[in-house]
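Enquirer: First to last, the protein sequences are chains A and B.
Using our numbering, you'd call the opening residue of the first sequence number 1 and step up by one each time.
Using our numbering, you'd call the opening residue of the second sequence number 96 and step up by one each time.
If you're looking for bench data, these hints aren't it; they were derived computationally from the structure.
This structure is a prediction, so every number in the text was calculated from the model and none was measured.
Hints may contain errors.
Ranges of calculated distance between the beta carbons of each label pair, as one might list FRET restraints [stated by the list, open to error]: (1) E365/B <-> S70/A: 52 to 60 Å; (2) N76/A <-> A105/B: 20 to 28 Å; (3) D117/B <-> K87/A: 30 to 38 Å; (4) N306/B <-> P65/A: 39 to 47 Å.
By construction, the Cβ of each residue, glycine as well, lies at the ideal position given by its N, Cα and C atoms.
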Amino acid sequence: MKETQWPLWEIFIQANPGIPHKHVGSLHAPDAEMALQNARDVYTRRKEGISIWAVESKNIVASAPEDVGSFFDPANDKVYRHPTFYKVPEGVKYL
Amino acid sequence: MQTEKDNKQAEFDFQAKIDKGDKIEPKDWMPERYRNQLVRMMSQHAHSEIVGMLPEGNWITRAPSLRRKAILLAKVQDEAGHGMYLYSAAETLGVDRTEMLKQLHTGKAKYSSIFNYPTLTWADIGAIGWLVDGAAIMNQTALAKGSYGPYSRAMVRICKEESFHNRQGYEIMCSLSFGTSEQKQMAQDAFNRWWWPAIMMLGPSDDNSPNSDELMRWKVKMESSDSIRRRFIDRTVPQAEFIGLTVPDPHMKFNKETGHYEHGPINWEEFFNVIKGNGPCNKERVKARNEADKNGRWVREAAEAYAEKHKKN
Ligand SMILES: [Fe+2]
Ligand SMILES: [Fe+2]
Numbered sequence: 001m002k003e004t005q006w007p008l009w010e011i012f013i014q015a016n017p018g019i020p021h022k023h024v025g026s027l028h029a030p031d032a033e034m035a036l037q038n039a040r041d042v043y044t045r046r047k048e049g050i051s052i053w054a055v056e057s058k059n060i061v062a063s064a065p066e067d068v069g070s071f072f073d074p075a076n077d078k079v080y081r082h083p084t085f086y087k088v089p090e091g092v093k094y095l
Numbered sequence: 096m097q098t099e100k101d102n103k104q105a106e107f108d109f110q111a112k113i114d115k116g117d118k119i120e121p122k123d124w125m126p127e128r129y130r131n132q133l134v135r136m137m138s139q140h141a142h143s144e145i146v147g148m149l150p151e152g153n154w155i156t157r158a159p160s161l162r163r164k165a166i167l168l169a170k171v172q173d174e175a176g177h178g179m180y181l182y183s184a185a186e187t188l189g190v191d192r193t194e195m196l197k198q199l200h201t202g203k204a205k206y207s208s209i210f211n212y213p214t215l216t217w218a219d220i221g222a223i224g225w226l227v228d229g230a231a232i233m234n235q236t237a238l239a240k241g242s243y244g245p246y247s248r249a250m251v252r253i254c255k256e257e258s259f260h261n262r263q264g265y266e267i268m269c270s271l272s273f274g275t276s277e278q279k280q281m282a283q284d285a286f287n288r289w290w291w292p293a294i295m296m297l298g299p300s301d302d303n304s305p306n307s308d309e310l311m312r313w314k315v316k317m318e319s320s321d322s323i324r325r326r327f328i329d330r331t332v333p334q335a336e337f338i339g340l341t342v343p344d345p346h347m348k349f350n351k352e353t354g355h356y357e358h359g360p361i362n363w364e365e366f367f368n369v370i371k372g373n374g375p376c377n378k379e380r381v382k383a384r385n386e387a388d389k390n391g392r393w394v395r396e397a398a399e400a401y402a403e404k405h406k407k408n
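Based on the provided sequences and hints, a complete structural model is requested.
Expert: Following this line, the structure appears as structure tokens:
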């Protein structure tokens with residue numbers, strides 16, 4: 001059998017109930033099940049998590065840093081999406 | 096195609112980002128020299144964690160109690176984890192892990208000089224945790240503030256795990272120092288042998304590192320080696336005195352005016368000689384890694400066969 005490089009997996013960990021999973025790093029594993037087991041051994045030796053997601057790196061679609069300008073442009077001129085844009089008469093409460 | 100002018104602009108933006116304190120992420124534009132330097136640092140650092148398991152692994156079966164054995168095992172497992180974090184951080188810049196391992200196994204890759212010294216007695220395990228992990232913490236805390244995102248995040252994670260390494264080492268030294276006279280002698284002997292290599296592992300003197308300015312500007316290097324070394328010495332000498340150990344440096348003295356300790360001359364010739372491959376254990380370490388790779392092969396093959404079988408079902 002020849003040595004092959006196992007697929008790369010991105011690992012996301014939820015530290016506590018109720019909060020989102022967060023990217024912690026990556027690792028190599030021959031399949032999903034072993035990716036999870038490796039992730040447990042590599043990234044949660046001190047109870048850092050209660051849930052792990054493993055996603056094969058090749059399946060991640062990412063925006064390109066050189067495009068950020070035009071890509072996020074639509075939000076730039078829409079200040080009216082923020083509550084601070086609106087004037088509220090003095091003395092009015094709970095708004 | 097990128098013109099000369101585009102490149103100048105990109106480099107300017109890159110530096111501005113770093114000056115602002117932003118992190119550089121894997122797909123961001125970066126100068127080639129920045130990329131190469133980081134690949135070199137991260138892979139050397141990863142190799143150091145992996146080779147670093149060997150001197151301590153040597154004592155796992157001979158730890159003096161079950162408590163000490165469990166602790167040492169956990170520490171060595173942490174070092175394996177550190178190696179994994181760092182290889183994966185290096186991979187974000189497009190280097191292949193198989194390639195990095197090949198360089199380690201063929202003896203081409205460099206790793207920290209400190210791991211080429213032997214662990215002769217149990218006290219060496221104490222001295223390593225206390226001094227070697229202690230020095231590594233100083234270095235890594237600085238690196239955690241570095242500009243490359245994946246490296247800096249790996250450092251933050253590693254630093255969190257290191258303080259137990261440091262403390263368990265000092266605890267061993269305490270027990271021995273306050274034990275029988277033979278035990279105290281053993282602690283002093285380990286201290287004598289590890290002190291200078293620990294001082295040296297923080298890297299050559301500042302006037303001996305030609306690229307320092309650029310690396311500092313790029314926040315690849317965060318603090319000069321001499322400055323980290325000074326802090327290490329200032330913190331460690333009182334710890335030694337507290338448990339009655341003598342620093343093996345007849346010139347060591349406290350300067351009341353500066354508030355710092357001053358050490359005697361460092362034998363850099365020894366340091367460069369060990370780096371070149373002539374330390375007491377260089378050959379043994381590379382051989383041990385090659386054997387581990389060879390002996391672990393059936394496990395990797397079994398994992399692949401298992402994955403293959405489950406794919407079909
Ligand atoms: Fe480590
Ligand atoms: Fe450590």
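Enquirer: Does each hint fit the structure? Answer for all of them.
Expert: Results of checking the hints against the structure:
1. E365/B <-> S70/A: 52 to 60 Å: About 57 Å separates the Cβ atoms of E365/B and S70/A, which means 52 to 60 Å holds.
2. N76/A <-> A105/B: 20 to 28 Å: 22 Å, holds
3. D117/B <-> K87/A: 30 to 38 Å: Taking Cβ atoms as reference, D117/B and K87/A lie about 35 Å apart, which means the hint holds.
4. N306/B <-> P65/A: 39 to 47 Å: 26 Å, violated
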